[in-house]
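Please model the complete structure; the sequences and the hints are all you need to start from.
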Amino acid sequence: MSNSQYNHDDISSQFHSALADSVSLALSHDERLRSISPTSTIATSADHPACGFDLQDVGTSGDGTSCDGDGDGEPNTWRERISHLYEKESLLIEVTLAILFAKIYPRLGAVYLFPEITAHWIAVVIIFFLSGFSLRLEQVFSAVSNWKFNFFVICYNFLFVSFVVNIVANFFLVNEIVSEDLMKGMIICSCLSMPTNMMVVLTVGSNGNEAVALFLATLMNLMGVFVTPLLIFCYLQEEAEINFIRTYTTISLRVLLPITIGIMLRKKVEGADAFAVENKKIFHKIRERCLVYVVYATFCTTFLSRSDSTRSQILVMALSQIILLGAAMSLAWLFLFIFFNREPELRVVGLYGCSTKTAALGIPLISAIYEDHPKLGIYTLPLLIWYPSQLIIGTMLGPRMTNFVNYKRRKYELELQSKPKMCGLIQA
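Just so you know, we're using the numbering used here here: the sequence shown kicks off at 1 and counts up by one.
Where hints are given, some of them may not hold.
Calculated cross-link-like contacts (lysine-lysine; reagent style DSS-like; alpha-carbon spacing at most 27 Å) [stated by the list, open to error]:
hint, residue 1, residue 2
1, Lys411, Lys148
2, Lys268, Lys285
3, Lys419, Lys408
Keep in mind the hints are simulated off the structure, nothing from the lab. All values reported here derive from a predicted model rather than from experimental measurement.
If you want it as C-alpha cells, here you go:
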C-alpha cells in the first residue's frame, strides 16, 4: 500500500468502520454482561451516587444503575430486544452514530454549531458540574485503609501502562508502522484514569471488593485532571503541544470549578441531596448527551482536516490497542498474585483497575487540552478502540473471576477449620 496521504473520506471511513466493528462486538456480549450482573447486585452498587462521577462507562440503563431494564423479565420481541440493547449500550451506540453523522456532513458540527463554544465550553462544563453534583465523597473513603493496594493500582494504571504504551508507540513511529498522530493518540489514551461505573459493575459482577473499586475510581478520576496533562507532556515533550498555563487555566474553569460548585451545592443547599437522588436518571442522560455532542463536534473537525494516517496504520493501531490491553491485564494479574495472593476480592478489583481507561471523562479532558487542535479527533481514536475492548474482555472474565473468588474463599475457610486446635496452657 502506498505511504502517500489519503484524503479525509478514506480516513473517515476507516474511523467509523473500526468503531462500528468494536461496538458490534460489545453488543454481542450484551447477554454475557447481564448474566454476570444480576439486577439485585447492580442495584446495590447503584446505591452509591458517587458512581455518577464518571458518565456511563459501561452499558447501563437510563440512570446508570441497573443492567436489567425494568426487571419485568427477558425481552421477547425483536423490538424489545433492540430497545433493551439500546438501554444497556446507549453510549456506545450514540457515539458511533455521532461519528457517522459527522462523516456525512462535517461542516455542520465543525463550523455552523460553533463547537469552540457549544462543545468545548458549554457541554464540558455541564458534564463536570453534574458529575460533581452526583458525587458523594463521604461514601467512598471507607476503603482508604487499603493504602498499599490503592498505591499499587494507581501507579500501575497511570505510570506502568503509559510507560509501556509509550515504548510501543514510539517503536511503531520509528519503523513507520503508525503515523505520528496515532502514536500521540495511543500515548494520550494510556495517560487517562480508570472509569467509575465500569469498575463498579465489573467488580460487583465478579464478587470483588466494591468499596475499594468505588474509592479507587473516584480518587483516580480526581487525580487524572492534574496527572494526565503532566504525563502527556512527560512522554511527548515539546511534541505534546501543551501550554501548561493555558491548559490548567482551561481545566480549572471547565473541570475543577464546575465539579467544586456541584459538590458544594449538594452539600450546602437544603434539599439538594434528595433532589440529586430523585433526578439522577435525568442528570445521567444529560451528561451522556453532552458527551455524544462533544464526540460529534470533535470528529466533524477531524473529517474537515487531512490526516497522514493510512488504512493499514489505523488497523495496526486498533489491533495494538487490544493486544496492549490484554498484556496489561495479564501482567497486572501476575503482580497481584505476587503481592496480594490471599486477597482474592482485591485481586479482582486490581485486574480491572490496573488497565481500564475512561472515555466519559477522558474525551472532555482531551478536548480541554487540545481544544483547537485540528487532529483532536484522531487523538481520541485509540481511546475509542480501548474502551469497548475493555468492556468485552471484562464481561468475558466476569464468570471466571466469580468462580475464582468463591474457590479462594472456600479454600481459606477450610484452611482455618483444618488448623489443629491447641489446648491447656499451650492454647493460652
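(request) Against the structure, test the hints numbered earlier, and report the numbers of the ones violated in rising order. (result) No hint contradicted; all consistent.
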